[in-house]
Amino acid sequence: MATVDNPPNALEWGLAELINQPELLRKATEELDNVVGRGRLVQESDFPKLNYVKACAREAFRLHPITDFIIPHVSMADTVVANYFIPKGSHVLLRRQGIGHNPRVWEEPLKFKPERHLKSDGSNLVLTEPSLKLITFSTGRRGCPGLMLGTSMTLMLFARLLHGFTWSVPPNQSRIDLSESDGDTTKAKPLVAFAEPRLLAEAYHVY
Numbered sequence: 001m002a003t004v005d006n007p008p009n010a011l012e013w014g015l016a017e018l019i020n021q022p023e024l025l026r027k028a029t030e031e032l033d034n035v036v037g038r039g040r041l042v043q044e045s046d047f048p049k050l051n052y053v054k055a056c057a058r059e060a061f062r063l064h065p066i067t068d069f070i071i072p073h074v075s076m077a078d079t080v081v082a083n084y085f086i087p088k089g090s091h092v093l094l095r096r097q098g099i100g101h102n103p104r105v106w107e108e109p110l111k112f113k114p115e116r117h118l119k120s121d122g123s124n125l126v127l128t129e130p131s132l133k134l135i136t137f138s139t140g141r142r143g144c145p146g147l148m149l150g151t152s153m154t155l156m157l158f159a160r161l162l163h164g165f166t167w168s169v170p171p172n173q174s175r176i177d178l179s180e181s182d183g184d185t186t187k188a189k190p191l192v193a194f195a196e197p198r199l200l201a202e203a204y205h206v207y
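Counting from 1, position 203 in the sequence shown corresponds to residue 203 in the working numbering; the numbering is continuous, with no gaps.
Hints are computed from structural coordinates only; laboratory data are not their basis. None of the values given here were measured: they were computed from a predicted structure. There's no promise every hint is true.
Said to hold, decoys possible - Pairs of lysine-lysine, DSBU-like flavour, derived with a Cα cap of 30 Å: (1) Lys49 to Lys113; (2) Lys88 to Lys133; (3) Lys189 to Lys88.
Whole structure, please, built from the sequences with the hints as guidance.
Structure below.
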């Protein structure tokens, strides 16, 4: 379920955030045009070169996780983490938003800033986070078994929709509503936006 739920949630939030910030949306579509062109659809082989699109997806995961807490874990032995003593047998719950919105971990944590994830050397960006700044798919031996499928689904959905269409706010709105559901981290209102094809006609014919 997590593999299926995570990608569309990240897509909906990420697309909503980008539509509200046209300059960021332009950067993502320019990267896609430079890497893929306008004569075909995005393929998995393009992923290593789509660092800005991946940064947008990571930022959506950070700012708007599908659920607030990861699956509970039980400590196998007495241990100390960040000066906190955790006795053996303790049930440990990690809060995604507690980490993703923490100002001691992230600068301007409530702002959607994909650039914060880009590496200075331009090397390949991944959606996982070994340093535990993000725990979208959990981590370690008890991490999500659907990690590869979930990240691939997220990137394919996100990249193809950004690349294939020009997105805009409906005429009766000034911006996309980014409010969350009561007691949940999902959007309070489904994303409604205008989409116009932007690729060559033959790119949409998939056999």
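Taking the hints in turn, this is what the structure says about them:
{"no.": "1", "hint": "Lys49 to Lys113", "verdict": "holds (19 Å)"}
{"no.": "2", "hint": "Lys88 to Lys133", "verdict": "holds (24 Å)"}
{"no.": "3", "hint": "Lys189 to Lys88", "verdict": "violated (42 Å)"}
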